[in-house]
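Asks: Chains as they are written, first to last, in our numbering: chain A, 1 to 309; chain E, 1 to 850.
It is possible that part of the hints are untrue.
Straight line, CA to CA, 30 Å or less: simulated DSS-like cross-link-like pairs of lysine-lysine [said to hold, decoys possible]:
id: 1; chain 1: E; residue 1: K15; chain 2: E; residue 2: K441
id: 2; chain 1: A; residue 1: K66; chain 2: E; residue 2: K833
id: 3; chain 1: A; residue 1: K66; chain 2: A; residue 2: K286
id: 4; chain 1: E; residue 1: K280; chain 2: E; residue 2: K618
id: 5; chain 1: E; residue 1: K822; chain 2: E; residue 2: K280
id: 6; chain 1: A; residue 1: K286; chain 2: E; residue 2: K280
id: 7; chain 1: E; residue 1: K618; chain 2: E; residue 2: K833
id: 8; chain 1: E; residue 1: K822; chain 2: A; residue 2: K66
id: 9; chain 1: A; residue 1: K286; chain 2: E; residue 2: K833
id: 10; chain 1: E; residue 1: K395; chain 2: E; residue 2: K24
Don't read these hints as lab results, they were simulated from the structure.
No experiment lies behind these values; they were computed from the predicted model shown.
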Amino acid sequence: MNTMARSRPPGGTPAARARFRIVHATRYLYSEAVPLCQNELHVRPRDTTRQTCLTHRLVIDPLPVKVEECRDYFGNHLQFFTIHDRHTELAVTAHTAVELRAAERLLPGSTTNWEDIASLERRALGDDLEVRQFVYDSPHITATPALVELARESFTPGRSWLEASLELTARIHRDFVYDATATSISTPLADVLAMRRGVCQDFAHLQIGCLRALGLPARYVSGYLLTTPPPGQPRLVGADASHAWVSAWCPEFGWVDFDPTNNIIPSLEHITLAWGRDYSDVCPIKGVFVGGGEHAMNVSVDVEPLIEN
Amino acid sequence: MNPLQAAPGRTVGDKLLAGYSPPKGVYDELLDPAGRMRPQWSEFFQLLDALGRDELERRWQQSRRVIHENGLTYNVHGNPFGRDRRWELDPLPLVMRHDEWQGLSTGLAQRARLLNAILSDLYGPQHLLREGLLPPEIVFANPEFLRPCHGVRVPDDCHLHLYAAHLARSPEGSWWVVADRTQAAVGPGYAVENRIVISRMVPHIFHHCQVERLASFFMELRGRLGSLAARRKASPHVVLLSPGPSSPTYFEDAYLSRYLGYPLVEGEDLTVRDNRVFLKTLGGLVAVDALLRRVMDQDCDPLELNGHSAVGVPGLVHATRCGRVVVANSLGSGLVEAPGLMAFLPRICERLLGETLAIPSVRTWWCGGDDAREYVLDNLERLVVGPAIPHPHRKPVHAASLDSDQRARLAAEIIASPAHFVAQELVVRSTAPVWNEASIKPGHIALRAFLVAGEGGYHVMPGALAHVSSSPAALGESLFMGHGSKDVWVLAAGPVAPVSLLQPPGTPVEPRRSGNDLPSRVADNLFWLGRHIERAEGAARLLRSIVTRLTSEAAPGSLAELNVLYRALCGPLSAPAEDDAGPGTVATMELLLMEFLYDEHQPGSMQSILAALGRVAKVVRDRISLDTWRILKRIEDDYRPPFGRGAGAQSDILTMLNQTIYNISAFAGMATENMTRGPGWQFLELGRRIERALNMISLLRGTLSVATTGEHAVLDALLEIADSSMTYRNRYATNLQLAPLLDLLLTDETNPRAIAFQLAALAHHVERLPRTNGEPLLSDEQRLVLSVVSAVRLANVQQLAEPDQAGERPRLDALLDDAGIKLCELASAISHKYLVHAGPAHQLAEIARR
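Input sequences plus hints: build the corresponding full structure.
Replies: Laid out in structure tokens, this is it:
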């Protein structure tokens with residue numbers, strides 16, 4: 001998505017908080033019956049400093065024996081279930097309501113310069129580990145000289161970390177084309193860089209790769225985005241998919257989110273599900289099955305403002 | 001001469017050791033720097049001298065044959081269809097002093113405790129990182145750090161059950177650890193096999209030398225794993241999880257499974273239900289309490305770990321998280337294999353154990369540290385540079401072997417990402433005597449020692465696996481590099497007590513007849529073994545009849561039946577010959593024949609059938625007798641393209657097809673005479689009978705559906721293919737007619753080649769398949785068999801033989817067609833109900849697309 005349509009109330013001050021209802025529906029379709037399907041979900045939003053999950057309900061058809069829940073390594077909600085009955089179709093729907101509080105307005109020049117943050121690496125001890133663990137290569141993101149080069153255009157010597165990060169976000173938004181057909185889960189970052197095309201997941205990986213290549217901690221955030229239709233057109237229910245963006249760290253503000261797909265600092269439209277080193281840690285739905293012949297997966301996401309009575 | 005009295009100095013072994021001269025500047029295991037034999041060897045060489053060079057060589061050649069016949073191999077490329085390489089072994093063991101081995105053992109046991117403690121910490125509170133004793137890169141950037149396994153509690157905090165240390169002896173004589181193997185220690189099975197070969201080759205020397213036995217090691221392993229699993233259940237079920245025949249060490253997997261008495265299973269055999277692990281058997285699901293895994297960490301669970309793994313068990317991580325199964329070694333234990341860790345072990349040992357590290361690692365510099373990096377860059381040409389944590393492309397490289405450009409590039413890489421590199425001192429390995437074409441030469445050795453977590457701590461196998469190479473550089477970390485392996489003899493302090501893994505004779509054993517606990521996958525493989533062997537026989541018999549006619553005195557063009565036989569060969573779907581009137585040209589026939597004989601890509605060709613047979617034979621190898629295995633090997637070995645072309649070649653082909661048919665008959669004889677009538681045999685038979693019936697159906701349809709002129713020649717060929725000429729002649733003399741032939745090949749339940757015979761056998765076996773108790777109705781399989789059996793029994797061969805006005809036999813064709821369809825349905829019903837392996841698991845994952 002490359003529009004900048006925002007959902008601000010006309011005139012006046014921006015809202016301080018917002019509530020949403022989300023329906024995230026996934027269907028697996030198989031040409032032949034599947035005797036066994038095991039699934040791992042990251043679809044229950046975690047609570048954050050700016051977000052509270054109000055309700056969460058999973059509807060699964062066919063009915064699993066039970067749904068188990070635990071926290072993963074990064075503290076996200078992780079759910080498991082297994083279907084033992086032969087089935088040719090599996091539907092998983094997550095019904096969720098959340099409340100968001102607006103992000104603090106940050107002045108681009110208000111942070112330390114980026115080199116100071118990068119050099120913290122050497123002293124990573126104690127609680128710093130929680131931050132520094134996001135500096136290293138991960139399954140989908142490997143720091144390369146090409147990424148350093150891309151990052152250096154914005155991260156010039158002595159520049160404020162926030163200013164540079166905002167510019168990098170803007171450049172990715174400007175220089176890369178949103179193209180849902182260009183990439184798949186397995187497209188390497190180098191190809192995204194060469195094609196200058198991709199989807200939110202690719203752009204998030206790209207920006208994280210740039211930051212990490214400079215020694216700056218950055219993590220991948222999986223979630224949803226409220227989208228509003230062009231004026232005069234009805235909102236399409238379920239037309240959306242899940243979204244992904246970047247969270248990066250500075251000593252002044254802690255973790256700050258950046259959305260390179262839309263060139264904004266997420267505030268009242270981005271609902272966080274989970275975070276990790278990259279997509280592989282927090283994939284919303286993952287299923288392993290045997291048999292099934294030809295198979296397909298359909299996902300729809302619908303985010304709707306919750307009107308309070 | 002008293003052989004027990006060691007002669008001093010170098011006089012012992014002089015005859016054999018003439019010309020043995022170790023290179024300068026290395027430690028020699030046999031001779032001290034003054035050239036005197038070290039005392040632990042004197043008895044060995046005294047006895048060896050008495051044996052004599054020629055006798056040793058003779059016995060050695062005999063032992064090499066045993067190695068070949070036992071099928072002791074490894075698959076060098078891990079290619080499922082690749083040829084296995086023979087295991088190379090040196091007849092001279094490495095002899096170690098008792099006290100020296102004790103010292104080494106104490107040090108290695110400490111290292112095992114240490115690595116286990118590090119795993120507990122890193123998969124738990126991570127004090128080592130918080131206190132700065134280990135740089136975070138070594139853990140957080142390490143692909144072997146499995147985050148889903150963090151916080152998983154393992155019973156007794158035992159992560160490492162089996163551990164292998166790779167050792168090298170420095171010129172000063174001290175041992176260094178050069179690598180740690182903590183996921184699935186490869187080698188203990190090969191060590192036992194080496195021991196068996198060598199101790200059988202020179203039994204009297206082995207006994208006189210008082211060598212420590214290896215069996216106690218495996219008893220410890222079995223005892224400990226059993227007792228951890230037994231907390232859940234009185235008689236726990238332990239299995240050995242193998243990656244399967246494509247693994248380079250499948251031989252050892254199968255060997256260990258037999259030696260330890262743990263069933264050999266693959267990922268597909270196991271399933272996780274309600275967070276428990278179960279083995280899929282013919283009789284249903286059987287709970288598994290512990291598994292000894294030979295599968296790498298990341299491949300163990302395609303759900304939470306590597307989604308592309310085809311050898312794992314989906315849900316295994318969560319089952320361990322729930323504490324429902326013991327996995328040895330614990331998932332994620334590969335983390336401590338990182339070479340980068342070695343640089344920090346002394347400090348960590350002080351912190352975690354409060355002890356000084358007893359056996360040093362090879363000197364290691366982690367380039368992430370400023371001082372270390374500077375040292376490495378200044379001394380590059382003296383060092384071996386490798387990845388600090390596992391990396392898909394980087395391999396250790398000896399910088400001295402690089403030219404100046406390459407070295408500059410390496411230095412630049414180190415500067416660009418220093419934390420990814422370690423440098424290690426080049427180890428000049430010690431030498432030991434090696435038997436080389438009937439003389440003894442020094443060879444460089446690497447030692448692989450094995451440890452097991454037993455009650456009360458780690459135990460070192462009293463013996464090890466040594467590798468030999470003519471150059472010290474060729475001894476990498478792989479089991480398969482270098483020129484061969486050696487048995488390692490640790491001399492005992494006193495008399496050696498016999499140890500056996502077999503239970504003592506007094507232990508009461510309930511007699512039992514193995515029932516339904518055969519893994520479904522094994523039954524499936526036996527089913528397909530049966531099908532492929534029959535398919536091969538059918539093809540060989542048909543091809544033989546064609547080749548016989550091509551090589552007969554009559555001009556091939558004049559033989560009307562040849563065309564019909566070709567039609568049967570190509571199958572009913574093939575396009576009709578260009579002209580219905582006459583046969584294709586002899587040249588095109590010969591070309592086609594060669595394709596059906598030797599083209600592996602031609603469906604239904606002999607070569608393709610044998611390839612499939614070979615693949616399935618390999619995977620059932622541990623389920624069939626050695627003799628049966630040898631026959632299967634011969635079927636493959638004896639089938640070779642002829643030299644040259646023309647009539648001579650055709651007669652070669654004929655001889656070869658005859659041989660193939662004999663070999664297959666030998667297999668059938670083995671199956672009939674030597675296999676226990678258990679479920680394994682039952683599924684082999686089901687496969688054979690289904691395939692033989694289908695074969696005959698397709699042969700009869702291909703040749704008889706349309707009446708041809710000169711049909712008696714076709715009938716004659718059919719009797720020949722079905723090995724029934726003799727019976728026919730006995731019954732009907734030379735009066736060759738279709739109806740009596742149909743009786744003999746279709747409806748006669750006493751002819752082992754007839755379709756009716758196969759159906760009766762199938763009815764018998766299907767009746768005995770495991771069934772849910774109290775199922776009142778007929779199963780699908782029973783229904784299918786019954787319907788074909790009655791259709792064939794009710795058939796009137798006179799009517800079937802009668803052609804209609806168009807010269808076709810629609811009734812015969814319809815009967816055979818229907819029987820064929822029902823038999824295919826039967827095969828698939830059996831597959832679905834008993835054998836179903838819908839194949840490996842697939843993963844689907846949602847992509848963030850917005």
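Asks: Straight-line Cα separation of A:K66 and E:K833 no greater than 30 Å?
Replies: 26 Å, holds
Asks: Are E:K15 and E:K441 close enough, with their CA atoms no more than 30 Å apart?
Replies: The hint holds at about 13 Å.
Asks: Compare the distance between the alpha carbons of E:K280 and E:K618 with 30 Å, and conclude whether the hinted pair is satisfied.
Replies: 21 Å, holds
Asks: Going straight from one Cα to the other, do A:K66 and A:K286 come out at no more than 30 Å?
Replies: Holds - the C-alpha atoms of A:K286 and A:K66 are around 17 Å apart, at most 30 Å.
Asks: Can you confirm whether the C-alpha distance between E:K618 and E:K833 stays at or below 30 Å?
Replies: 25 Å, holds
Asks: Between the alpha carbons of E:K822 and E:K280, is the straight-line distance 30 Å or under?
Replies: OK: E:K822 and E:K280 at ~27 Å, within 30 Å.
Asks: Given the hint that E:K822 pairs with A:K66, does the C-alpha gap stay at or below 30 Å?
Replies: Distance of about 40 Å is beyond 30 Å: violated.
Asks: Does A:K286 pair with E:K280 here, judged by a C-alpha cut-off of 30 Å?
Replies: 24 Å, holds
Asks: Hey, A:K286 versus E:K833, does the alpha-carbon distance stay inside 30 Å?
Replies: The hint holds at about 28 Å.
Asks: Run the distance test for E:K395 versus E:K24: straight-line Cα separation, threshold 30 Å.
Replies: 29 Å, holds
When each numbered hint is compared with the structure, a violation occurs for hint 8 only.
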